[in-house]
Amino acid sequence: MEHSTIPDSSRQQTLEEKVRTLEARVAGLEGRAPEDRVALVVFSGDLDRVLAAFVIATGAAVMGQQVSMFFTFWGLSVLKKSTGLKGKSFFQKAMAVMSPGSSKTLPVSKMNYFGVGAKMLRTMMKQRNVTSLEDMIRLASELGVRMIACEMSRDVMGIQPSELQDGLECGGVATFLADSLKSRTSLFI
Amino acid sequence: MSRTFDRLLDARGLNCPMPLVNARKEIGMLEPGQVLKVMATDRGSVADFQGWAKVAKNVELLSQETETLDGASVYVHFVKRAS
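Going line by line, the protein sequences match chains A and B.
Residue 50 in our numbering sits at position 50 of the first sequence, with consecutive numbering throughout.
Residue 42 in our numbering sits at position 42 of the second sequence, with consecutive numbering throughout.
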């Protein structure tokens, strides 16, 4: 038998070493395992898409997930409470005038017809007793959903922090990735 | 068969995700071991409550039934706060 030729003490030593390396590997894996988190990028400023994002966000929060929503580019319109033109460049002014002033004036992604489509969808939702986007946003923050405004796109589009709702976080790509890498689900909407 | 329950949530007429959201709030007001009865007209709530119970650690779905009330289908869910 081959085993009997190895002294007992050295066999124990190699075993202990193996256990130690395994423990280190398990600890490493545990640190990288996903947590009960969901991360969403809200890139779109379309009413229908944003609604989907908030239904998922509130649903996930109810199911015990820590939810982060990262609003960037057109998605920033969702968080706007007012539009100002002061201190903006010509292009930024043009963009401000042509962008929705708040969540209430978001267009729909299809059949918008200068806002008629969006009004129609809102009316249809009311008829079917579906929660409005504004209530959904309030609900999300009540449920502890983290809402982060992308600093870079806010700056490019010339949206002042004062034009956005109060109590928002701001951050960049690493803010999103820090959450997304620990999440079970990440979606780009 | 009718079960006993400690709290009743009438979510009839509400749509996704509100039955779930309200149920979550109500469950928070219960003591562990107590049961919440939810009445909903949202057909999706049947699968939604199953999914909720599967994922959330502190709730247990005891049973689901469908009743007909005033000519409309009512989906009844019995949810227990486990911890």
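It cannot be assumed that every hint is accurate.
[Unchecked claim] Here are some of the chain B residues that sit facing chain A, going by a computed Cβ distance under 8 Å:
hint	residue
1	Leu8
2	Pro17
3	Arg24
4	Gly28
5	Leu30
6	Pro32
7	Gln34
8	Val35
9	Lys57
[As the list claims (entries may be wrong)] With a straight-line Cα cutoff of 30 Å, these simulated DSSO-like cross-link-like pairs (lysine-lysine) come out:
hint	chain 1	residue 1	chain 2	residue 2
10	A	Lys104	A	Lys93
11	B	Lys25	A	Lys81
12	B	Lys37	B	Lys57
13	B	Lys80	B	Lys57
14	B	Lys37	A	Lys182
15	B	Lys54	A	Lys182
[As the list claims (entries may be wrong)] Derived coverage of chain A by chain B (criterion: at least 3 residues anywhere in the stretch with Cβ under 8 Å from a Cβ of chain B; other residues may be distant):
hint	stretch
16	77-85
17	105-114
Note that these hints are calculated values from the structure, not bench results.
Quick caveat, the model's predicted, so the values are computed rather than measured.
Idealized CB from N, CA, C, for every residue including glycine.
Evaluated hints:
no.	hint	in the structure
1	Leu8	violated, 19 Å
2	Pro17	holds, 5 Å
3	Arg24	holds, 4 Å
4	Gly28	violated, 11 Å
5	Leu30	violated, 15 Å
6	Pro32	violated, 15 Å
7	Gln34	violated, 18 Å
8	Val35	violated, 18 Å
9	Lys57	holds, 7 Å
10	A/Lys104 with A/Lys93	holds, 20 Å
11	B/Lys25 with A/Lys81	holds, 28 Å
12	B/Lys37 with B/Lys57	holds, 18 Å
13	B/Lys80 with B/Lys57	holds, 11 Å
14	B/Lys37 with A/Lys182	violated, 35 Å
15	B/Lys54 with A/Lys182	holds, 21 Å
16	77-85	violated (count 0)
17	105-114	violated (count 0)
Going down the numbered hints, you'll see the structure goes against 1, 4, 5, 6, 7, 8, 14, 16 and 17, while the others check out.
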